[in-house]
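S.K.: Protein sequences, first through last, are from chains X and D. Residue numbering for the first sequence follows the numbering used here, beginning at 1 and increasing consecutively. Residue numbering for the second sequence follows the numbering used here, beginning at 203 and increasing consecutively.
Hints in this document: simulated from the structure, not taken from any laboratory. Treat the hints with care, as some may be off.
Derived, one-sided and incomplete: chain X residues facing chain D with beta-carbon distance under 7 angstroms [as the list claims (entries may be wrong)]: (1) Thr43; (2) Ser58; (3) Gly80.
A few chain D positions that, by computed beta-carbon distances, are all more than 12 angstroms from chain X [stated by the list, open to error]: (4) Ile207; (5) Val232; (6) Arg240; (7) Val244; (8) Gly369; (9) Ala377; (10) His434; (11) Leu452; (12) Leu467; (13) Ala521; (14) Pro522; (15) Gly531.
We put the beta carbon where it would ideally sit given N, CA and C, even for glycine.
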Amino acid sequence: MVDTGFDAGFFVRWMVAAAGLVEQEAGRLTELDSAIGDADHGTNMQRGFAAVVKTLESEPPATPGAVLVTAGRQLISTVGGASGPLYGTLLRRAGKSLGEASEVTVAELQAGLRAGVESVRELGGAAPGDKTMVDALLPGVEALGTSLDAAAGAAEEGALATVPMRAQKGRASYLGERSIGHQDPGATSSALLFAALAEVAR
Amino acid sequence: MRMLINVAETVVADALRGMAAAHPELVVDVANRVIVRRDAPVAGKVALLSGGGSGHEPLHGGFVGPGMLDAACPGEVFTSPVPDQMVRAATAVDAGRGVLFVVKNYTGDVLNFRMAAELAEDEGVQVASVLVDDDVAVRDSTFTAGRRGTGATLFVEKIAGAAAEEGMPLERVEAVARKVVASSRSFGVALSACSTPAKGSPTFDLPPGELELGVGIHGEPGRERRAMMTSHEIADFAVDAILEDLRPRLPVLVLVNGMGATPLLELYGFGAEVHRVLDERGVSVARTLVGNYVTSLDMAGCSVTLCQVDEELLRLWDAPVATAGLRWGR
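If we strip away everything but chain X, and leave its shape as in the complex, we get:
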């Protein structure tokens, strides 16, 4: 794998691509959420990422880290629910760990996202297997070491693997056994982040 650097423009394109995928998949996210949650995940993520794109395009930050911090802050301010703080923390923490560098390598991005996922786990208290976004984020981040396409595939597989899990966190946990057999909406939207990353790198 060629470890070329990614600049702020790349990171903006990543967030724009993520917003596009969220928009495209919003109906499906809401449908998944209606089975084991409250039928609004697609709508909430759409609102949040639309705000992210608007901010990034009107005032493009100078560094990759600043792009992620700005995106995270926007998600916290606009999404609400559990997804706002969790996605916001993921991106803010990852952005902070990238520091002031004007270009970052895949290895640095992986380290940043690893720190972000760690913060998500601290905030939400979720462990792997709890049927949450962590189940897509963790395999996605680990597979970044192989390639961006591998990360997208691993995150997608991680989201699919939530189907037989019994939810232990978030609103789906109130269903107990009845949460089994449904794909987790948060893991599904998390996989979109990695799909968008692979898409802009192609």
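Based on these hints, arrange chain D on the given structure of chain X.
M.R.: Below, chain D without anything else, positioned relative to chain X:
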């Protein structure tokens, strides 16, 4: 599903404009989604702030006013509000004696209020938080999200609101609120699912002739589905589920709450059954409130909340309150 709306995207803003028009005693900031009592900050008084997803009206905006909340932050339908709203509201109502956040125990509300508390403290506002988790339908464990906050929220906001109105300091108001939480339990039943404006159709399928036992207030399905039961049988089931968890030694406040689409005629009939079971189980009733207070959009069904009260809590419950959704004693 036919709804009395313009478009789904503006339902919350439209309702807030309506609240502003109907209640000049409130300051309704439609753009920033904050409802504040017009005389806030009230000198010498601890302020009470709550919030949560929309779709539970009159909770929380309908409980802003003398004797109850100082401010409420409505989120999108069934979605926690964001920290920005809470910080704005906290700084608007803080009279220098601190602000108590009343938070229903849902992951989203907990995370957003936690972030807001940190930000508000950065701005010099002293914040205490109380978590409401009264729903016995959720089997609690340290590995899960814990019990949901439902009907007891009304008891907490009313009783802690009265404590603040009496001039109690923040620690005392917080202690009163915690005592109400510890003394309250709820159980809910759905006779139909609700439809969110964004989705436009029921959030779960409930075949005719069946009901969901142990539902929350966000259109999420319950723990168990059974063939339709009578009001008598539902009251037995709901009250016994509560008494299994909380065995009151003192008289109780009873909230017979409608989920939004069940007529008062049915709710009062159900209230009679609730009183019958409590009498059979040897629990004495201090006060009863029947109506639609903690709703779930257009869901049909009801919940029962019991709160055992000592003399102080009962006095605070009886104290005057003047809000859009709850009003007595003035």
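S.K.: Evaluate each hint against the coordinates.
M.R.: To see whether the hints hold, each was checked on the structure:
A least Cβ separation of about 5 angstroms between Thr43/X and chain D falls short of the 7 angstroms threshold, and the interface hint therefore holds. Look at Ser58/X: its Cβ only gets to about 18 angstroms from chain D, farther than 7 angstroms, so that hint breaks. Interface restraint check for Gly80/X: the shortest CB-CB distance to chain D comes to about 4 angstroms, inside 7 angstroms, so the restraint holds. For Ile207/D, the non-interface assignment is confirmed: its Cβ lies about 15 angstroms from the closest Cβ of chain X, beyond the 12 angstroms cut-off.
Every C-beta of chain X lies more than 12 angstroms from that of Val232/D, the closest at about 16 angstroms, which supports listing it as non-interface. At roughly 26 angstroms, the least C-beta separation between Arg240/D and chain X is larger than 12 angstroms, which holds for a residue marked as non-interface. At roughly 28 angstroms, the least C-beta separation between Val244/D and chain X is larger than 12 angstroms, which holds for a residue marked as non-interface. With a cut of 12 angstroms on Cβ distances, Gly369/D stays outside the contact zone with chain X, its closest approach being about 34 angstroms.
Listed as a non-interface residue, Ala377/D keeps its Cβ farther than 12 angstroms from every Cβ of chain X; the least gap is roughly 27 angstroms. In this structure His434/D is separated from chain X by more than 12 angstroms, as the shortest Cβ-Cβ distance comes to about 27 angstroms. Residue-level check passed: Leu452/D sits 29 angstroms from the nearest beta carbon of chain X, beyond 12 angstroms. For Leu467/D, the requirement that its beta carbon stay farther than 12 angstroms from each beta carbon of chain X is met, with the minimum near 29 angstroms.
Its beta-carbon lying about 33 angstroms from the closest one in chain X, Ala521/D satisfies the requirement of being farther than 12 angstroms from that chain. Every beta carbon of chain X lies more than 12 angstroms from that of Pro522/D, the smallest distance being close to 34 angstroms; the non-interface claim holds. Every CB of chain X lies more than 12 angstroms from the CB of Gly531/D, the least distance being 35 angstroms, so the non-interface label holds.
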